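Trainee: Following the hints, position chain W with the ligands against chain G.
Chains as they are written, first to last, in our numbering: chain G, 1 to 326; chain W, 327 to 576.
It is worth saying that the hints were derived from the structure and are not from the lab. Any given hint could be a false lead.
Here are a few chain W residues that face chain G, going by a calculated C-beta distance under 8 Å [to be verified]: (1) Phe343; (2) Ala346; (3) Leu357; (4) Phe359; (5) Ala419; (6) Asp420; (7) Glu434; (8) Gln468; (9) Glu485; (10) Leu543; (11) Arg553; (12) Ile555; (13) Leu568.
Fair warning: this is a prediction, and the values are worked out from it, not measured in the lab. Note that beta-carbon positions come from the ideal geometry of N, C-alpha and C, so glycine has one too.
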Amino acid sequence: MANILVFAESRGGSVRKVAFEVLTAARSVAAGGEVHAILAGAPGIAAQASSLSKFGAVAVLVTEHPSLSAYNAESLAALVSDRAKSGGYRAVLFSASAQGKDLAPRVAARLGVPMAADSLSVAFDGDATVVTHYVYAGKIIATLRLAAIPAVVALRPGAIAAVESSGAGRIESIPPVGDPSTSRVQVTESIRGDSRKLDLSDAPVIVSGGRGLKAAEHFKLVEDLAAAFGNAAVGATRAVTDEGWRPHSDQIGQTGRQVSPDLYVAVGISGAIQHLAGMRTSRTIVAINKDKDAPIFKIADYGIVGDVFEVVPALTAAIKEAKAKG
Amino acid sequence: MKIAVCIKRVPEMDVKFRIAPSGVAVDETGLKFDMSDFDGYAVEFALQTTERLGTGEVVVISLGPDVVQETLRKALSMGVARAVHLKADSVPADGFAIAQALAAELKEGGYDLILFGKHAADTASGTVGLMAAELLGIPMVQACTKLSFADGKGTARREVEGGAEIVAFALPAAASIDEGIARPRYPSLKGIMAAKKKPMDVKPAQLGAARLTIMKLALPPERQAGRIIGEGAATVPELVRLLRDEAKVL
Ligand SMILES: Cc1cc2nc3c(=O)[nH]c(=O)nc-3n(C[C@H](O)[C@H](O)[C@H](O)COP(=O)(O)OP(=O)(O)OC[C@H]3O[C@@H](n4cnc5c(N)ncnc54)[C@H](O)[C@@H]3O)c2cc1C
Ligand SMILES: Nc1ncnc2c1ncn2[C@@H]1O[C@H](COP(=O)(O)O)[C@@H](O)[C@H]1O
Chain G
1 MANILVFAES
11 RGGSVRKVAF
21 EVLTAARSVA
31 AGGEVHAILA
41 GAPGIAAQAS
51 SLSKFGAVAV
61 LVTEHPSLSA
71 YNAESLAALV
81 SDRAKSGGYR
91 AVLFSASAQG
101 KDLAPRVAAR
111 LGVPMAADSL
121 SVAFDGDATV
131 VTHYVYAGKI
141 IATLRLAAIP
151 AVVALRPGAI
161 AAVESSGAGR
171 IESIPPVGDP
181 STSRVQVTES
191 IRGDSRKLDL
201 SDAPVIVSGG
211 RGLKAAEHFK
221 LVEDLAAAFG
231 NAAVGATRAV
241 TDEGWRPHSD
251 QIGQTGRQVS
261 PDLYVAVGIS
271 GAIQHLAGMR
281 TSRTIVAINK
291 DKDAPIFKIA
301 DYGIVGDVFE
311 VVPALTAAIK
321 EAKAKG
Chain W
327 MKIAVCIKRV
337 PEMDVKFRIA
347 PSGVAVDETG
357 LKFDMSDFDG
367 YAVEFALQTT
377 ERLGTGEVVV
387 ISLGPDVVQE
397 TLRKALSMGV
407 ARAVHLKADS
417 VPADGFAIAQ
427 ALAAELKEGG
437 YDLILFGKHA
447 ADTASGTVGL
457 MAAELLGIPM
467 VQACTKLSFA
477 DGKGTARREV
487 EGGAEIVAFA
497 LPAAASIDEG
507 IARPRYPSLK
517 GIMAAKKKPM
527 DVKPAQLGAA
537 RLTIMKLALP
547 PERQAGRIIG
557 EGAATVPELV
567 RLLRDEAKVL
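Here chain G stands alone, though its shape is the one from the complex (with noise of 0.2 Å):
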């Protein structure tokens, strides 16, 4: 029996998906013991505590104060290593997240321990924890061993899907520690993409472009492609990053956004070993290019060797079509 402390991850007064998924997996470890979750925002944030009862939360701590309506780094290492180490917990999670990644190594710090970052999977074995993470560019899968109370792990967005648990829990409240407002490093400007567009991290389809696409304009045909799924959030190459046809936060591999939708589908997109990092995880990959040698095929479950402005809109039209029959 283990209580797990859960950092539930919130963004512009909305808590975001990943915190169903870490909520997930704490009650997959708890054996019995409670899942606690912290939720921290501006005033107003415990209207949405409710929701992270649903996902197995006993006790929801809500900590409000209008310096924390944006991420505030050290004001939320110090609000979550301090509950840790009171509340004696046998683990504290996050999503490795933006959020998750900037986070959980300052808890681990304050706490004097080590932790696991961006992991597959975590579990516990007597008084160690053991997690997977993949190394060396996504080409190797590792096994660690955490031997430190608490582990401190961060989770891979997507690997644990999240699964709701019946059940009330309470919601307390809990005081900032210190003034969040006098934090040393503060988010002065929030820059949001589109926000009809799902994020690469949420989107259970990515149609992601390269240089086949051969200028930005054409990224329309991807764009087009991704609204016909409904569901699909739109990925790139580096090569088409650094010609400056998508910004670099849509850059999916090696030194970009690692990922791993139900599907992928490369339009023009080689396949090169530094993109292949971001997205071999994938669960089906498809991939349309006008070279059969393209190194994409050998790892493309359905690949079609063609021309992307010929291939791509006969999909778009297609997937429509079987998206409306349903």
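Mentor: Below, chain W with the ligands alone, put in the same frame as chain G:
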């Protein structure tokens, strides 16, 4: 501005790795090593920053066995002023143990800015920089795609899911570097000659206890060999059928 850059020596990644007989390390035979990619961007950014300001100094630090001196030498040949080698028999998998040793060295250095890579190419963890900064008690901004300084303050841009954040912070501070900031220069012949005479301090690394260890390394399950299902737009109906009936993703 006095800038320290922590750099790690890692294998080049565009090879097929083999697991060593121990099962907990990669077989290093035939591997080529270099500075981890993001660390290279950090070195370049540090050099450009001091060059622009016309004053300051860039120092590189690497923890590991004697071979890391090659990596430090490369940074010196790019224009870095001096290097510190924190000597250890091997580099532990435990990022906190590394962070403790780096923090012990950085503490008395009087640096205005301490740079790291967003993550090391081998561990893909991204924990060492944040942990070292916490131990030093200085502000830290992780994964910057832009970074600038004015009046003793820094401004950074970080990419986050579905957008970006602009972050302001006080100096002295630490930051880790994402892609897009600067592409590392190639050392010139003159640089390589000059590097031979630049100072390299060698000290024992004050590593913390290693409490994160590798139990096993394995190659990920091979994907089923790829399959080309046809040519041209005529294949689209078959693709849609497979996505619906076989892959069940529609
Ligand atoms: C240290 C390092 C890190 C890197 N990190 C990354 C990373 O994170 N992500 C990444 O993506 N890359 C990364 N790269 C770059 C990588 O090596 C490749 O250069 C890049 O992925 C190639 O992008 P691409 O497939 O779009 O372009 P290309 O390799 O030029 O491929 C274009 C493809 O389009 C096809 N094509 C052309 N016209 C058509 C058409 N009309 N119809 C159909 N197909 C067509 C061609 O046959 C070709 O296969 C990195 C490289 C290095 C050295
Ligand atoms: N052995 C090392 N020596 C010097 N710097 C290191 C070392 N290991 C990690 N770092 C720094 O910490 C960053 C993050 O490493 P990691 O947490 O392993 O992903 C790297 O990009 C380097 O800047």
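Trainee: List, from low to high, the hint numbers that the structure doesn't satisfy.
Mentor: As far as the earlier hints go, 2, 3, 4, 7 are violated by this structure, in ascending order.
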